[in-house]
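Asker: Please construct the entire structure, taking both the sequences and the accompanying hints into account.
Sequence order for the protein chains is A and B. Residue numbering for the first sequence follows my numbering, beginning at 122 and increasing consecutively. Residue numbering for the second sequence follows my numbering, beginning at 3 and increasing consecutively.
Do not take every clue at face value.
Claimed, not checked - Residues on chain B that point at chain A, a partial pick, calculated with CB under 7 Å:
(1) G47
(2) R48
(3) G49
(4) E73
(5) E76
(6) L197
(7) P205
(8) A209
(9) T212
(10) R215
(11) L217
(12) S219
(13) G239
(14) A242
(15) H248
(16) L249
Quick caveat, the hints were computed from the structure, so don't treat them as lab data. The beta-carbon is built from N, C-alpha and C at its ideal position, and this holds for glycine as well.
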Amino acid sequence: MSDLLGAVLSLAFLVQVATKAIPYVLAALGGTLAERSGVVDLALESKLLAGAFAAATVGHATDSMAAALIAGALAGAAVGALHAAIALITRADQVVTGVALNLAAAGMTRYLLQVLYGQGANSLPAPQLGGLAEDMTAWIALGAAIAVPLVVVRTTFGLRLRAAGDRPLALRAAGHSVAWTRVGAMMLGGTLAGIGGAQLSLAVGGFSADMSSGRGYIALAAVILAGWRPGRAVLACLVFALADALTDQLQMNVVALPRELTGLFPYALPLAILALAPSRMQPPAALGKPES
Amino acid sequence: MRRIVLVLVAINAALLAIGAALAPARPARGLGRRIHVGLVFDVGGRGDRSFNDAAARGLERAAAELGAAVETIEPGDGGDRETALRQLAAGGADLVIGVGFIFSNDLDRLAADFPNTRFAGIDYSPTPGRAIAPNLLALTFREHEAAFVVGAIAGLVTRSHTVGFVGGMKIPLIRKFEAGYTAGVHHECPGCTVLAIYAGSEPKAFADPTRGRELASAQYDRGADIIFHAAGKTGDGVFAAARDRHLLAIGVDSDQYDQAPCCIVASMVKRVDVTVYDEVRAVLEGRFTGGVRELGLAEDGVGFVARDDELLPPAVRRRAEQLAADVIAGRITVPSQ
Chain A
122 MSDLLGAVLS LAFLVQVATK AIPYVLAALG GTLAERSGVV DLALESKLLA GAFAAATVGH
182 ATDSMAAALI AGALAGAAVG ALHAAIALIT RADQVVTGVA LNLAAAGMTR YLLQVLYGQG
242 ANSLPAPQLG GLAEDMTAWI ALGAAIAVPL VVVRTTFGLR LRAAGDRPLA LRAAGHSVAW
302 TRVGAMMLGG TLAGIGGAQL SLAVGGFSAD MSSGRGYIAL AAVILAGWRP GRAVLACLVF
362 ALADALTDQL QMNVVALPRE LTGLFPYALP LAILALAPSR MQPPAALGKP ES
Chain B
3 MRRIVLVLVA INAALLAIGA ALAPARPARG LGRRIHVGLV FDVGGRGDRS FNDAAARGLE
63 RAAAELGAAV ETIEPGDGGD RETALRQLAA GGADLVIGVG FIFSNDLDRL AADFPNTRFA
123 GIDYSPTPGR AIAPNLLALT FREHEAAFVV GAIAGLVTRS HTVGFVGGMK IPLIRKFEAG
183 YTAGVHHECP GCTVLAIYAG SEPKAFADPT RGRELASAQY DRGADIIFHA AGKTGDGVFA
243 AARDRHLLAI GVDSDQYDQA PCCIVASMVK RVDVTVYDEV RAVLEGRFTG GVRELGLAED
303 GVGFVARDDE LLPPAVRRRA EQLAADVIAG RITVPSQ
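Answerer: In structure tokens:
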């Protein structure tokens with residue numbers, strides 16, 4: 122048991138937690154931007170997947186880490202724009218369209234793998250990100266974790282973004298376009314999620330089908346758990362990553378605990394926090410209402 | 003309009019001529035007929051450079067050398083798998099191969115539904131109390147035997163006296179790898195610690211390199227300096243972590259040295275490629291029989307390969323070969339769980 126304690130109290134453990142948290146943090150920050158502008162972002166999963174896919178394929182073709190990261194960011198932004206267009210032009214139910222986008226991304230990436238490489242589950246090798254200190258996406262995530270709360274609270278764009286989510290009529294009365302504000306928020310959010318996705322594929326040097334593995338949903342849960350406040354969403358992601366890393370350590374030590382049980386821990390812990398510390402924060406008033 | 007049509011016709015004719023010129027001469031075929039082989043891949047899919055790619059190599063060889071017409075399907079999730087097998091069987095394949103334990107129940111059903119089609123299941127795991135259909139060949143391996151040998155290698159090359167094992171899905175099949183490996187480590191290094199961890203309890207655990215990297219990082223951070231994986235595509239993440247830290251790893255199913263030449267000491271191979279080829283050939287030559295076939299070190303169904311003498315010193319290699327011979331001769335009994 123002292124092994125376990127030593128392992129958990131080490132710097133290496135913190136690095137494990139931080140590395141795990143990167144895609145969640147980026148997706149959750151992206152999701153916060155979208156949701157605060159008034160669009161339900163159930164499509165984070167598709168943005169992660171698109172970013173992961175684009176980064177791996179461009180990385181494979183160019184052998185350039187920078188090109189791969191940019192491709193991931195652009196792919197996320199593109200899906201964000203598409204998501205905004207579907208949500209705002211068709212005005213369809215945003216929960217349904219979000220899930221539809223996720224399913225479409227899962228199928229589309231498999232199809233494109235088949236077209237590009239003749240195999241439907243894996244890409245060919247791409248450049249690999251190094252450890253945490255050399256991992257560009259870690260620094261981007263850190264920067265975004267500081268910048269996004271500031272942008273939302275302190276900038277004019279942030280004010281408009283919050284107005285689009287809470288008082289769209291007031292924003293329109295002030296002479297600004299609600300739709301374009303939302304498109305901007307969705308594209309920025311998509312960019313962040315796309316970089317989070319790029320981290321997934323570039324950390325292991327290649328794309329595998331469905332490699333987002335539900336991280337987009339967890340990130341959205343973090344957004345809601347945090348009461349739509351970006352700083353707290355980052356914190357929620359870190360708690361989740363901590364619980365997940367702890368589970369790995371437990372699995373190596375405590376043989377008696379079945380994996381199925383310890384595997385619940387990362388999901389149960391944020392839920393427990395949610396139950397014990399209810400947030401007084403309300404969702405954005407116009408969330409999911411395209412017509413306003 | 004007419005001109006366009008003419009141009010198209012000309013292009014078509016040219017392409018056909020090129021195609022005919024490029025088409026390889028048909029190799030000699032036994033019995034003078036072409037056989038159709040359908041194969042459905044496992045969760046990790048093509049490009050895992052491990053289990054599935056081994057099966058694909060065998061099939062490609064069968065196509066090239068035996069002239070077999072091959073058709074493969076990479077299923078998505080769950081229900082797709084049975085549909086894929088059924089599609090191939092209904093399409094008139096002479097032999098339908100399911101790659102992975104996950105097809106076991108589907109193959110039982112299909113073999114009953116298509117009594118005139120031959121089926122083979124790699125890593126087939128029988129349902130207790132149910133007989134295997136006569137047109138179904140269950141191919142299983144004694145993975146623990148070869149895992150024992152690479153475990154001994156790990157026990158001999160580790161300097162930290164801590165070694166790791168990353169399994170895919172926690173099932174008896176993968177437990178065989180862990181059991182053999184652990185026994186091998188302790189055979190050569192009784193005081194060594196074996197850290198064992200599994201990527202999950204569902205099929206996705208074989209296709210999750212992100213998880214593989216996290217788990218391997220956790221083991222390396224706990225002092226392991228060599229990790230053996232039995233996790234399909236998830237193992238890519240183990241190699242990513244190994245490359246990151248310049249620590250050692252052991253590959254599985256295929257020779258995985260090229261994925262991390264810095265770090266891969268050896269690979270425990272499972273000759274799925276040879277097995278697939280042999281079965282196609284057996285069908286072609288009319289000597290296919292159903293039932294259970296179990297392949298171990300003695301049948302050369304499993305083994306180990308290593309390419310780098312610096313990573314695997316000749317003395318360690320000789321010892322590993324000696325141990326393999328001992329297992330074959332029955333001087334060592336390797337536990338399978």
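Asker: Can we keep the R48 of chain B interface hint, with Cβ of chain A closer than 7 Å?
Answerer: holds, 3 Å
Asker: If you take the shortest Cβ to Cβ gap from G47 of chain B to chain A, is it below 7 Å?
Answerer: Hint on G47 of chain B: holds, closest Cβ of chain A at ~2 Å, below 7 Å.
Asker: Does the nearest C-beta of chain A fall within a distance shorter than 7 Å of the C-beta of A242 of chain B?
Answerer: At 5 Å from the nearest chain A Cβ, A242 of chain B passes the 7 Å test, so the hint holds.
Asker: Does E73 of chain B pass the interface check with chain A, least Cβ-Cβ distance below 7 Å?
Answerer: Not OK, violated: E73 of chain B not within 7 Å of chain A, min 14 Å.
Asker: Hint check: is the beta carbon of L217 of chain B less than 7 Å from a beta carbon of chain A?
Answerer: Where the cut-off is 7 Å and the nearest Cβ of chain A is about 6 Å from L217 of chain B, the hint holds.
Asker: Would the hint on H248 of chain B be counted as holding, given a Cβ-Cβ threshold of 7 Å to chain A?
Answerer: violated, 11 Å
Asker: The hint names L249 of chain B as touching chain A; please verify it with the least Cβ-Cβ distance against 7 Å.
Answerer: Status violated, d = 12 Å.
Asker: Tell me if the interface restraint on E76 of chain B is satisfied: Cβ within less than 7 Å of some Cβ in chain A.
Answerer: holds, 4 Å
Asker: Using Cβ atoms only, decide whether P205 of chain B comes closer than 7 Å to chain A, and label the hint accordingly.
Answerer: It is violated, given that the least Cβ distance between P205 of chain B and chain A is near 11 Å, above 7 Å.
Asker: Verify the interface restraint on G239 of chain B: the C-beta must sit less than 7 Å from at least one C-beta of chain A.
Answerer: At about 5 Å, which falls below the 7 Å cut-off, the nearest Cβ of chain A leaves the hint on G239 of chain B intact, so it holds.
Asker: Going by Cβ atoms only, is A209 of chain B closer than 7 Å to chain A?
Answerer: At 6 Å from the nearest chain A Cβ, A209 of chain B passes the 7 Å test, so the hint holds.
Asker: At a threshold of 7 Å, is the proposed contact between G49 of chain B and chain A supported by beta-carbon distances?
Answerer: Because about 3 Å separates G49 of chain B from the closest Cβ in chain A, which is inside the 7 Å limit, the hint holds.
Consistency note: the structure conflicts with the earlier hints numbered 4, 7, 15, 16.
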